[in-house]
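Enquirer: Let the hints inform the model, and build the full structure from the sequences given.
Chain order of the listed sequences is A and B. 1 is the number of the first residue of the first sequence in the working numbering; add one for each residue after it. 1 is the number of the first residue of the second sequence in the working numbering; add one for each residue after it.
Since the hints were derived computationally from the structure, they do not count as laboratory data. All C-beta atoms, glycine included, are put in the ideal place defined by N, C-alpha and C. Careful: at least some of the hints might be erroneous.
Said to hold, decoys possible - Stretches of chain B that chain A covers, calculated by requiring three or more beta carbons in the stretch to come under 8 Å of a beta carbon on chain A:
id : region
1  : 37-44
2  : 99-108
To be verified - DSS-like, lysine-lysine: derived pairs with alpha carbons at most 27 Å apart:
id : chain 1 : residue 1 : chain 2 : residue 2
3  : A       : LYS9      : A       : LYS57
4  : B       : LYS5      : B       : LYS42
5  : A       : LYS14     : B       : LYS42
6  : B       : LYS42     : A       : LYS70
7  : B       : LYS58     : B       : LYS5
8  : A       : LYS71     : B       : LYS42
9  : B       : LYS15     : B       : LYS57
10 : B       : LYS58     : B       : LYS15
11 : B       : LYS5      : A       : LYS57
12 : A       : LYS14     : A       : LYS57
13 : B       : LYS68     : B       : LYS58
14 : B       : LYS5      : B       : LYS57
15 : A       : LYS14     : A       : LYS71
16 : B       : LYS42     : A       : LYS57
17 : B       : LYS42     : A       : LYS9
18 : B       : LYS57     : B       : LYS68
Said to hold, decoys possible - Per label pair, the in silico range of CB-to-CB distance:
id : chain 1 : residue 1 : chain 2 : residue 2 : range
19 : A       : VAL113    : B       : ALA45     : 29 to 39 Å
20 : B       : LYS15     : A       : GLY16     : 22 to 32 Å
21 : A       : SER18     : B       : LYS15     : 46 to 56 Å
22 : A       : PRO83     : B       : GLY60     : 37 to 47 Å
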Amino acid sequence: NAGVTQTPKFRVLKTGQSMTLLCAQDMNHEYMYWYRQDPGMGLRLIHYSVGEGTTAKGEVPDGYNVSRLKKQNFLLGLESAAPSQTSVYFCASSYSGQGYGYTFGSGTRLTVV
Amino acid sequence: QQQVKQSPQSLIVQKGGISIINCAYENTAFDYFPWYQQFPGKGPALLIAIRPDVSEKKEGRFTISFNKSAKQFSLHIMDSQPGDSATYFCAARPSFQKLVFGTGTRLLVSP
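Expert: Printed below as a string of structure tokens:
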């Protein structure tokens, strides 16, 4: 029972490079979320999805894009990485959008130099 | 207002002591208040949650106290143990919407 799996776990990018973070869940959850965690800032929602083929902006969407082509996968893309995007990124999923039972992945630590 | 204000930012408690973390909110439409626990290198995990129709919920050594009139809720960890050392996030949910998280409290329980 894997739950929510994030890849990669660590990554170092140079400014201007692009990358994609992958989130996969095996719980048949409809809702998926991408958060970033920064010291003193808590968890801030980047983008979320309420179902396959749908995405929406969260609190801090600038500089990121997402796709949900399959129900079990939610991809977070950085087209041109900036040092301000150095952070720990968490993916989460839930059965419904009502806030119950968010299951988080173990995170991706991204450093942009 | 969608904010949830959490304090303190960090907390050091001796083993066996009581850890108290506080959160305050302004949006009266919030109707679900969970607490998440995060260990280093791991994602947050649901610890305990409460609805505004009760003033207290207890699960083992963890208790949520809720004060609807003051729009405040708090997490109490009784008989704190070194294994409780983690970051704790409060959160709140506006009706039928996504969770809003507090900024987190880093708890260290000294042996």
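Enquirer: Please flag the earlier hints that this structure goes against, numbers listed from lowest up.
Expert: Violated hints: 15 and 20; rest satisfied.
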